[in-house]
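Q: Residue-level listing of the chains:
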Amino acid sequence: MKHLISPLDLSVEELDSILSLAQDIMDDPDKYSHVCDGKKLATLFYEPSTRTRLSFEAAMLNLGGKVLGFSSADSSSATKGESVADTIRVISSFADICAMRHPKEGAPTVAALHSGIPVINAGDGGHNHPTQTLTDLLTIKTLTGHLDNMTVGMCGDLKFGRTVHSLINAMVRYPNVRFILISPDELKIPDYLRKEVLDEKNIDYIETNNLEKYLPELDILYMTRVQKERFFNEEDYIRLKDSFILDAEKMKLAKKDMYVLHPLPRVNEISTDVDNDERAVYFKQVQFGVYARMALIMTLLNLSVDK
Amino acid sequence: MKHLISPLDLSVEELDSILSLAQDIMDDPDKYSHVCDGKKLATLFYEPSTRTRLSFEAAMLNLGGKVLGFSSADSSSATKGESVADTIRVISSFADICAMRHPKEGAPTVAALHSGIPVINAGDGGHNHPTQTLTDLLTIKTLTGHLDNMTVGMCGDLKFGRTVHSLINAMVRYPNVRFILISPDELKIPDYLRKEVLDEKNIDYIETNNLEKYLPELDILYMTRVQKERFFNEEDYIRLKDSFILDAEKMKLAKKDMYVLHPLPRVNEISTDVDNDERAVYFKQVQFGVYARMALIMTLLNLSVDK
Amino acid sequence: MKHLISPLDLSVEELDSILSLAQDIMDDPDKYSHVCDGKKLATLFYEPSTRTRLSFEAAMLNLGGKVLGFSSADSSSATKGESVADTIRVISSFADICAMRHPKEGAPTVAALHSGIPVINAGDGGHNHPTQTLTDLLTIKTLTGHLDNMTVGMCGDLKFGRTVHSLINAMVRYPNVRFILISPDELKIPDYLRKEVLDEKNIDYIETNNLEKYLPELDILYMTRVQKERFFNEEDYIRLKDSFILDAEKMKLAKKDMYVLHPLPRVNEISTDVDNDERAVYFKQVQFGVYARMALIMTLLNLSVDK
Chain A
17 MKHLISPLDL SVEELDSILS LAQDIMDDPD KYSHVCDGKK LATLFYEPST
67 RTRLSFEAAM LNLGGKVLGF SSADSSSATK GESVADTIRV ISSFADICAM
117 RHPKEGAPTV AALHSGIPVI NAGDGGHNHP TQTLTDLLTI KTLTGHLDNM
167 TVGMCGDLKF GRTVHSLINA MVRYPNVRFI LISPDELKIP DYLRKEVLDE
217 KNIDYIETNN LEKYLPELDI LYMTRVQKER FFNEEDYIRL KDSFILDAEK
267 MKLAKKDMYV LHPLPRVNEI STDVDNDERA VYFKQVQFGV YARMALIMTL
317 LNLSVDK
Chain B
17 MKHLISPLDL SVEELDSILS LAQDIMDDPD KYSHVCDGKK LATLFYEPST
67 RTRLSFEAAM LNLGGKVLGF SSADSSSATK GESVADTIRV ISSFADICAM
117 RHPKEGAPTV AALHSGIPVI NAGDGGHNHP TQTLTDLLTI KTLTGHLDNM
167 TVGMCGDLKF GRTVHSLINA MVRYPNVRFI LISPDELKIP DYLRKEVLDE
217 KNIDYIETNN LEKYLPELDI LYMTRVQKER FFNEEDYIRL KDSFILDAEK
267 MKLAKKDMYV LHPLPRVNEI STDVDNDERA VYFKQVQFGV YARMALIMTL
317 LNLSVDK
Chain C
17 MKHLISPLDL SVEELDSILS LAQDIMDDPD KYSHVCDGKK LATLFYEPST
67 RTRLSFEAAM LNLGGKVLGF SSADSSSATK GESVADTIRV ISSFADICAM
117 RHPKEGAPTV AALHSGIPVI NAGDGGHNHP TQTLTDLLTI KTLTGHLDNM
167 TVGMCGDLKF GRTVHSLINA MVRYPNVRFI LISPDELKIP DYLRKEVLDE
217 KNIDYIETNN LEKYLPELDI LYMTRVQKER FFNEEDYIRL KDSFILDAEK
267 MKLAKKDMYV LHPLPRVNEI STDVDNDERA VYFKQVQFGV YARMALIMTL
317 LNLSVDK
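Chains A, B and C are the protein sequences, given in the same order. Every letter in the first sequence is one number past the one before it in our numbering, and letter 176, counting from 1, is 192. Every letter in the second sequence is one number past the one before it in our numbering, and letter 26, counting from 1, is 42. Every letter in the third sequence is one number past the one before it in our numbering, and letter 232, counting from 1, is 248.
Extracted from the complex, chain A is given alone in its bound form (with noise of 0.2 Å):
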C-alpha cells in the first residue's frame, strides 16, 4: 500500500518516473482515457479548496474513474465526533483511492495509518501539499527539460508559504541548483530550511528583498501571495508590498526565456498585464497539474497502460 503525505515521500527516481509518466500522458491523452475503468477516487476535503478538489476530479475523470465524496465538513457528517481513522476505514469500503484535505496537520498521516485504499495528501493546515510540488516540479521540467543546473527566484511570504518550502526541499535534490529568496525581512524562510536544508547540503542561495536585481538571473520566479495580515504594521506593508508585485515594466528585466510560476489564487502580486506575456504560465499550470494528478493516481493505483 502506497500513501503520498508529504512530498518527500517519494525518492527521486519515483518522482521522475510520475513526472514521466505525466508527460506520456500529456502527449496521448486517449491512451489513457479508460485506464481507471471501475474505480472511484473519494474526495474528502475537510475544508474547501475548489481548485484541489476539482483538479483532482478532473484527473480521475480523465483515466475512466468516478468520484464521490464531500467538498467541506459542513455538508458531511464525517467530523461529527468521528475519528479520522474510523472515517477512513468507512471509505475504504467505497472507493479504491482518496485525496484528502484537513485543517489540521497530520490528520492525512493518522488516515494513512488505518486506511485500506491509498491515501493522497490534498493539502493538511499549512503543513504539507505535496500534489502542488508535483505540479510545480511537472510544470519546471516540462518547459525547461530539466530540474538542474538553474536559478530559482522565490518571490512573496516565504515564511509561511508551504508550497514555497516544499519546493525548495524537493529541488535541493538535483544538482547545482541555486536559489535567490526575494521577501521582506518579515517573511524569509524559516530558520531549519535555511539551515537544515541549505547550509546543510551547501546549496547556493541568496536573500534579499530586491526583485528587479536579481531578475535578470533568474530560469524560474516562483511568486507567491504577500497577505497583509503577515505584517507587523500596516506602514511596512505600504511601504514594501509594491516592490512583490511583477508587473509588464519589471518583466522587460527577465531573461526571454524565465518562466513565472503561482501556485493560485493570484490576488494582486501578479499584475493582470503579465498574463499575455508567453513567459506567465501559471494557468498553463493549472492543467500541468491534472497530468501530475492522474499520473499520480495511476502509479498508487499500480496501473499502467500498454505502451
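Everything labelled a hint here was simulated from the structure, so no lab data went into it. Errors might be hidden in some of the hints.
What the hints assert, rightly or not - Mimicking DSSO-like on lysine-lysine, the simulated pairs with C-alpha atoms at most 27 Å apart in a straight line are:
#, chain 1, residue 1, chain 2, residue 2
1, A, 55, C, 300
2, C, 55, B, 47
3, C, 244, C, 266
To be verified - For the chain B half of the interface with chain C, some residues (derived, Cβ under 7 Å), not all of them:
#, residue
4, 77
5, 283
6, 295
7, 299
Said to hold, decoys possible - Covered stretches of chain A (chain B as the covering partner; in silico rule of three or more C-beta atoms under 8 Å from a C-beta of chain B):
#, region
8, 67-77
9, 225-234
Backbone N, C-alpha and C define an ideal beta-carbon position, used for all residues, glycine too.
Please arrange chains B and C on chain A, whose structure you already have, making use of the hints.
A: Same frame as chain A, but now just chains B and C:
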C-alpha cells in the same frame, strides 16, 4: 468559441436549430447517449439553485458526459479574493464546457471574455437566465407545434420576473404573437420593455389586472410567483393576491387546448387542484428543460450524431 | 412502481430475495458492473449524512450508473418554499431512482405518493432508516448463514435508536430469535415495541442493564451509542456509561463466534482495542451496506443480470 450569455445571443435560426435538435433528442434519446463520452461539464454555482444545476447535470450525464463543480460559493474557495476571470481560466483546464450561476449581473459575460471553454449563463442576478427561456420555447413549440400566431398570457410579477422579460423578448421575433400582461399595477412590465420592445415593434398587447376576463382568449398562460415583499403594503397584497391565483375553478374558463407553464418553484399561485389537469404542463416543462440543455451543450461543443 | 419507505415494506420473501441478490453481487461484483449503465440516482439529502450518502453513491457507481443530487438543504434551493411533492415531481425528470434523507418524519412517504421514480427512504428524522436494517440483516446472514435460531443482544440507547427498533421488527419475523435488551433504565425500548411486537408475538426477551452477565449467551451483539444528553443528570451518566462500553476485557466473556455490529459512527462505546478482534465486524458491515444498496437499487429498478 460560442457562449450563451443572453437569450438574444441566439438568432431565430440558431434558436430553431437548437429546438429541432432538442426535439430529435426527445424522440430518440438513446441515439445521443454517448455523444459527450469523455467530455466534462463544470457546474459553477456561486449561489445555490438545485433545479437548474441538476437539470444541467442530468443533461450532460444523458449525453454520456461527466460532471464536476460546486453548488454554492460557501463550499467553494473560488471566491476567496480570486477574480471571475482567473477562476474561469483555471476551470478551463478541468472541463470542456461550463454552466455558471452568479449573484452578480454580468459575471458570466466577464467569464466568457477570459474562458478557454464555452460558458453558459445559468442565471446572473435578476438579469438573464437564457436556458429557462430555451426551455419555455421548447415547451411551447413541442406542445403547440409553433411559436407564431398565438395569444400568450403572462401572469403575476411582470416587473421583476426575468423569465417573463426574456420570453417576451424571444417571442416578439415570431409573427403575430399577442400578449396579455396580467399583474397588479405595482408589478407591471418595466418601461423599457413596453416602449423599446412592444411599442417599437408594434406588438399587440394588453395590460390588465383581470385574469378571468382574458383567460378564455389565451393559447399559453405563463404563471409566475407574486412575492408578498414586492407589495407596498400588506393591505394591497391581501386584496390582490387571490386574483392572481390559478385554480381548477378558473381553469374552466380557459380553452381546451391552452397550456399552463410556470418556471418553478411554485408556491401558491397555482392551486394543487390544477396539477392533474392535462393543460397543466409545468412539470413536463422540467423534462423539456433537460432536452433543451442537451441540445445546447451539443451545439456549443459542436457535436452531432450521424442521422 | 415500488418504493422503500419502511423496513416492513418488504415481505420476508422480498427481503430474502434482496439479500440473496446482495450475496450474489458480493461473490462476483464484475457481473453487475454495467447493469445500471445509463441510469441515474438522485441523492436528495436535506440533512447531511456522509456515510449513508456515499454508500448509496458507491452502490450506484458500482452498478455502472451515475449520480447527481445535493448533500445538504443549505447548498440546495429545493427547500425554498417548495413542497416535497413538487420537488420529487421535478427530480423525476432528472433521475431514474432517488434516495432521500429528510429531517421531517414522513417526508419520503409524501415524496413516494407524487414521484415518477422509485423513492428510497435514506432516513427520516428519528423514524425509519430501512437501508441500515437491510445492511444489518445482510451482515448477520452472510456471517452466520441464517437469520433464525439466535440470541441477539442489543446494547446502549434502545429508546431512541431507530436502527434497534427496525432490526427488532425485522428479526421477529424469523423463528426462534431471542433478544437480550441491555440498556440503562432510562433508555429501555419503547412501550409499543415491548407490548405490540415482542409480547404480542410471544418473543423470548430479557431486559437488563448488565452487559457482562449476558455477553456469554449472545450470537450477535448490536452496539449503539449512549448519548450523554439523553440522561436526566450527569451523575447517572457517569455512574452508568462504563457498563455499556465494550472493550477487549469484556470480549473475553463472549463466544468465539459471536459478532459485534454497530451502525456507526462509533464514539467511545466500543473501545478501539476491540477493533482488531475478528469478531468486530462493524467496518465490514459498511461494505455489506454497499452490497445491500446495490441489490435494492436493482430490485426497485426491476433490473437483473443473466446468470
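Q: Next step is simple, just say for each hint if it's right about the structure.
A: To see whether the hints hold, each was checked on the structure:
{"no.": "1", "hint": "A:55 to C:300", "verdict": "holds, 20 Å"}
{"no.": "2", "hint": "C:55 to B:47", "verdict": "holds, 15 Å"}
{"no.": "3", "hint": "C:244 to C:266", "verdict": "holds, 22 Å"}
{"no.": "4", "hint": "77", "verdict": "holds, 5 Å"}
{"no.": "5", "hint": "283", "verdict": "holds, 5 Å"}
{"no.": "6", "hint": "295", "verdict": "violated, 16 Å"}
{"no.": "7", "hint": "299", "verdict": "holds, 5 Å"}
{"no.": "8", "hint": "67-77", "verdict": "holds (count 6)"}
{"no.": "9", "hint": "225-234", "verdict": "violated (count 0)"}
This entry does not satisfy hints 6, 9, going by the numbered hints stated previously.
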